[in-house]
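Those sequence lines, one after another, are chains H and G.
Number 97 in the numbering used here belongs to position 97 of the first sequence; there are no gaps in the numbering.
To convert, take the position in the second sequence, counting from 1, and add 217; that gives the numbering used here.
Because the hints were derived from the structure by calculation, they are not lab data.
Please note that the accuracy of each hint is not assured.
To be verified - Computed cross-link-like contacts, DSBU-like style, restricted to lysine-lysine with a CA-CA straight-line distance of at most 35 Å: (1) Lys166/H - Lys313/G; (2) Lys100/H - Lys332/G; (3) Lys334/G - Lys203/H; (4) Lys57/H - Lys101/H; (5) Lys57/H - Lys352/G; (6) Lys167/H - Lys57/H; (7) Lys332/G - Lys203/H; (8) Lys203/H - Lys352/G; (9) Lys166/H - Lys100/H; (10) Lys352/G - Lys167/H; (11) Lys57/H - Lys203/H; (12) Lys332/G - Lys167/H; (13) Lys167/H - Lys100/H.
Unchecked claim - Here are some, though not all, of the chain H residues that point toward chain G, as calculated from beta-carbon distances under 8 Å: (14) Gln25; (15) Ile64; (16) Glu67; (17) Tyr91; (18) Tyr93.
Even glycine gets a Cβ: it sits at the ideal position worked out from N, Cα and C.
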Amino acid sequence: MNNVHVKLCLLFALASLLPAGAGAQAFLPVADGEERVVRERIAEASREMVSLTCDFKQTKELSILDEKMLSVGRLYYRQANRLRWEYLSPYRYTFILNDKKILMEAETSRNVIDVQSSNLFQEIVRIMMSSINGDGLADIRSFTAAYYRGEGAWRVTLVPVRREIKKIFSLIELTFNTNDYTVDSVRMEEPNGDATFIELSAKQFNTGLADEVFTID
Amino acid sequence: MRYLLLISLYLSGVSCVCTREVPVTGALPVGDSGHLFRYQARITAGRSVITGLFVVKHARGEWRGSLINEFGIKAFDFIVVERRCRLLNTTPFLDKWYIRRTLGSDLAFLCAGGKPKGRRVERSAGGTVILTHEKRHIEYLLQPMTR
Numbered sequence: 001m002n003n004v005h006v007k008l009c010l011l012f013a014l015a016s017l018l019p020a021g022a023g024a025q026a027f028l029p030v031a032d033g034e035e036r037v038v039r040e041r042i043a044e045a046s047r048e049m050v051s052l053t054c055d056f057k058q059t060k061e062l063s064i065l066d067e068k069m070l071s072v073g074r075l076y077y078r079q080a081n082r083l084r085w086e087y088l089s090p091y092r093y094t095f096i097l098n099d100k101k102i103l104m105e106a107e108t109s110r111n112v113i114d115v116q117s118s119n120l121f122q123e124i125v126r127i128m129m130s131s132i133n134g135d136g137l138a139d140i141r142s143f144t145a146a147y148y149r150g151e152g153a154w155r156v157t158l159v160p161v162r163r164e165i166k167k168i169f170s171l172i173e174l175t176f177n178t179n180d181y182t183v184d185s186v187r188m189e190e191p192n193g194d195a196t197f198i199e200l201s202a203k204q205f206n207t208g209l210a211d212e213v214f215t216i217d
Numbered sequence: 218m219r220y221l222l223l224i225s226l227y228l229s230g231v232s233c234v235c236t237r238e239v240p241v242t243g244a245l246p247v248g249d250s251g252h253l254f255r256y257q258a259r260i261t262a263g264r265s266v267i268t269g270l271f272v273v274k275h276a277r278g279e280w281r282g283s284l285i286n287e288f289g290i291k292a293f294d295f296i297v298v299e300r301r302c303r304l305l306n307t308t309p310f311l312d313k314w315y316i317r318r319t320l321g322s323d324l325a326f327l328c329a330g331g332k333p334k335g336r337r338v339e340r341s342a343g344g345t346v347i348l349t350h351e352k353r354h355i356e357y358l359l360q361p362m363t364r
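Chain H on its own, in the form it takes in the complex:
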């Protein structure tokens, strides 16, 4: 009876692992010479992406609090330096980057700051914008890139070279789909093991986003 119980437990454990294994995409290093193709396709898609509107789901792991924080929202991006990052749940919160100005707006507060007043902001905004439009791949001085191919997707892992960025991220992982060569997800790992995972979905390109979307009064 004991033996049967153990076998049943094992079977159950294996069955519960199967969907996870089946859903996880396998990525293998790209063939020689393919790196250049990946870079060119992504750069081309980035150049053609005048604007982007999409949904995002952000999962933040915080080991110090033993919490996983899930947020969802909507992203609006327009070349060259316009970004609206709008959280809709669990809290409403809007972050707008309009060239050198930043607006942060919650239901009870509104703050406008200058990007140049914060080194941290400048660096992070640069990295985030690069992640959205794929420019990070061209920034060979700041990162060491490795390229992988999966089914219908490319994955690029960026390991920071600069000491200051290394202290913020240990790894940035960008996953691009091979339909339109744009970013589907971004995973940012921190040196202490915490990570932020952002998934983009329902993407719409070049819809002519109005200036009002990015207005900061």
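Assemble chain G onto chain H, guided by the hints.
The following block gives chain G in isolation, referenced to the frame of chain H:
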């Protein structure tokens, strides 16, 4: 007997002054054990500004929290136990001994109270907390996030 009365009045006066000067508890709400409080945060020091989401919870006699920016990138983690703050995983721009010392003592004061030492706390009915470190010209603005 008259002297005893004067001494006791004097002592009660001193204790009143102490009560005003040394808050027993911090400026942040304790809530249920393990309840996570979220604030929109803005820390201003001269012309430098840090903004983001300030998350904090109190459990088993200690405060644990983190300041993360809008994209989820961390500025620092902290643990406050018995009015002492330990800063962890501090972003390089803040990882200077003098910043850590001031930031740590301000966070400890914010969470657990203590001697003001040139600090002033304002709390609004809506739950907004403003800590002003007058000596260092730093302001911590914490606005509760509402659903």
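How the hints compare with the structure:
1. Lys166/H - Lys313/G: holds, 16 Å
2. Lys100/H - Lys332/G: Roughly 39 Å separates the two Cα atoms, so the pair is violated.
3. Lys334/G - Lys203/H: violated, 52 Å
4. Lys57/H - Lys101/H: Holds, at about 25 Å.
5. Lys57/H - Lys352/G: violated, 41 Å
6. Lys167/H - Lys57/H: Roughly 25 Å between the alpha carbons, so the hint for lysine 167/H and lysine 57/H holds.
7. Lys332/G - Lys203/H: Violated: lysine 332/G and lysine 203/H sit about 53 Å apart, past 35 Å.
8. Lys203/H - Lys352/G: violated, 49 Å
9. Lys166/H - Lys100/H: Satisfied, since the Cα-Cα distance of roughly 25 Å is no more than 35 Å.
10. Lys352/G - Lys167/H: This hinted pair holds, its Cα atoms lying about 30 Å apart.
11. Lys57/H - Lys203/H: Satisfied, since the Cα-Cα distance of roughly 13 Å is no more than 35 Å.
12. Lys332/G - Lys167/H: holds, 33 Å
13. Lys167/H - Lys100/H: Answer holds: lysine 167/H to lysine 100/H is near 25 Å, not above 35 Å.
14. Gln25: violated, 22 Å
15. Ile64: holds, 4 Å
16. Glu67: Glutamate 67/H check passes; min Cβ-Cβ to chain G is 6 Å, inside 8 Å.
17. Tyr91: holds, 4 Å
18. Tyr93: holds, 7 Å
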